[in-house]
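As a plain string of letters, each chain reads:
Number of protein chains: 2
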Amino acid sequence: MQGTQETTSPSAAYTRTDRTVPTRSPDRAAYDKELVHAILDQAYVCHLGFVRDGAPVVLPTLYGRVGERLYVHGSTGSRPLRMTGQAGPGLPVCLTVTHVDALVLARSAFHHSINYRSVVVHGVAHDVTDPEEKRLALDALVDHVVPGRSRDSRPANRKELAATAVIRLDLDEVSAKFRTGGVDDEPEDLALPHWAGVVPLRKGYGTPVPAADLAPGTELPDYLTMP
Amino acid sequence: MQGTQETTSPSAAYTRTDRTVPTRSPDRAAYDKELVHAILDQAYVCHLGFVRDGAPVVLPTLYGRVGERLYVHGSTGSRPLRMTGQAGPGLPVCLTVTHVDALVLARSAFHHSINYRSVVVHGVAHDVTDPEEKRLALDALVDHVVPGRSRDSRPANRKELAATAVIRLDLDEVSAKFRTGGVDDEPEDLALPHWAGVVPLRKGYGTPVPAADLAPGTELPDYLTMP
Chain A
4 MQGTQETTSP SAAYTRTDRT VPTRSPDRAA YDKELVHAIL DQAYVCHLGF VRDGAPVVLP
64 TLYGRVGERL YVHGSTGSRP LRMTGQAGPG LPVCLTVTHV DALVLARSAF HHSINYRSVV
124 VHGVAHDVTD PEEKRLALDA LVDHVVPGRS RDSRPANRKE LAATAVIRLD LDEVSAKFRT
184 GGVDDEPEDL ALPHWAGVVP LRKGYGTPVP AADLAPGTEL PDYLTMP
Chain B
4 MQGTQETTSP SAAYTRTDRT VPTRSPDRAA YDKELVHAIL DQAYVCHLGF VRDGAPVVLP
64 TLYGRVGERL YVHGSTGSRP LRMTGQAGPG LPVCLTVTHV DALVLARSAF HHSINYRSVV
124 VHGVAHDVTD PEEKRLALDA LVDHVVPGRS RDSRPANRKE LAATAVIRLD LDEVSAKFRT
184 GGVDDEPEDL ALPHWAGVVP LRKGYGTPVP AADLAPGTEL PDYLTMP
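So the sequence lines, in the order shown, correspond to chains A and B. End of the first sequence sits at 230 in the working numbering; the numbers just go up one at a time, nothing left out. End of the second sequence sits at 230 in the working numbering; the numbers just go up one at a time, nothing left out.
Keep in mind that the hints were calculated from the coordinates and are not lab data. Incorrect hints may have been included.
Put simply, identical chains are the same to the list, so a pair is met inside one copy or across any two.
When the alpha-carbon atoms are kept at most 25 Å apart in a straight line, the in silico SDA-like pairs for lysine to any residue are as follows [what the hints assert, rightly or not]:
hint : residue 1 : residue 2
1    : 137       : 188
2    : 162       : 185
3    : 206       : 42
4    : 206       : 118
5    : 162       : 30
Kindly generate the complete structure, drawing on both the sequences and the hints.
Listed below in structure tokens is the structure:
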């Protein structure tokens, strides 16, 4: 998972708004664009929230990033994608990405936690109608799963492009939130006999399983041998 | 992560509703309670969606399960938990849990996919006010992170219980969705020279890092040596 070439300056940050400043633990919130991009680029799925008939709906979906734009795709018949309308007012969404990095085990039940990194994006999603933007978005979606993969696969043809709806969400109202570090137990609990500490969660590729009907002589590409 | 002792019969299933039957790929949807429970019990965080000022909000959060009830906790000052009200009408929510199990690399960009398992729960969340239910919920939240851990930590005291809000969401309108298996390429693409197959994603514990101030002689518990 990767982004495209960056033109963001290191000091660039998203502007805080009422809904991106948390009421609790504001010290765990961040608005730095590089940090936000890194969190977005390292996850496989986002959770896309929207409102239908007055009730919230949250669906997991693949996504891709091109600079300050996120793209989500799906069948032209799927419900959220039908709701964005054709050049209409768009669909208010909240797109959230979360990594669980470690379990934090405290002596007290109360101070159990996890180390995590998350990004929450608020905004209005719009249909992508420009064919060139749609192609770039679909490349970004494939490259998000495996960096560089779009150049090592057959691009979508006219029929596939027509069957695929793509929606865009600009990175504008954005915040990151995270927890790092160790255990925060109360001083009076330190002598308790319970093990306390941090349990990292391992991540990485397992052994790739080639398709049974792979063309003879097709080697495993280098980009799949990374950890 | 585990559930409590099950009394669900193997054939038990959630009743389908308009919003739990997908418009696309209905063959990938399931309503079996055992399958739903397994997906719920194996994840660390859920994504909780609700509506605020007419717009969707999706936040990652820890959760626990006791039979057919899910529990989410947080500070009594946090926004979603304030919105459930005290014995009021409750907060309409959508709670979604997703596992990404493998990357599916096809010869064509269009057929790239992931193998995943997800559960979507629709319902109305209510404050838990009964002290005994609240204690059981908090145990479930800790045991969800590490099975059995609630019996190996100091339980919440009166002050901690008062600072913690717990909300309940009944498992009633529920569906699972998943993709398993291999690559679905078009017949005319099979001879293309692109590697195709499934790349599993590894999961498990890394090496636990004990707290620097751990009481002398505190051994790493057996439940942290599992894969």
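Alpha-carbon proximity between residue 162 and residue 30, which holds within one copy, between copies, both or neither at 25 Å:
Classified as between: cross-chain Cα gap 23 Å, same-chain 49 Å, threshold 25 Å.
I want to check one pair: residue 137 and residue 188. Are their C-alpha atoms no more than 25 Å apart within a copy, between two copies, both, or neither?
between (50 Å within a copy, 21 Å between copies)
Check residue 162 against residue 185 for me: Cα-Cα at most 25 Å, and say if that holds within a copy, between copies, both or neither.
between (52 Å within a copy, 23 Å between copies)
If the cut is 25 Å between Cα atoms, do residue 206 and residue 42 qualify within a copy, between copies, both or neither?
Result: close both inside a copy and across copies, 15 Å intra and 19 Å inter.
Could you figure out if residue 206 and residue 118 sit no more than 25 Å apart (CA to CA) within one copy, between two copies, both or neither?
both (14 Å within a copy, 16 Å between copies)
No hint from the list above goes unmet by this structure.
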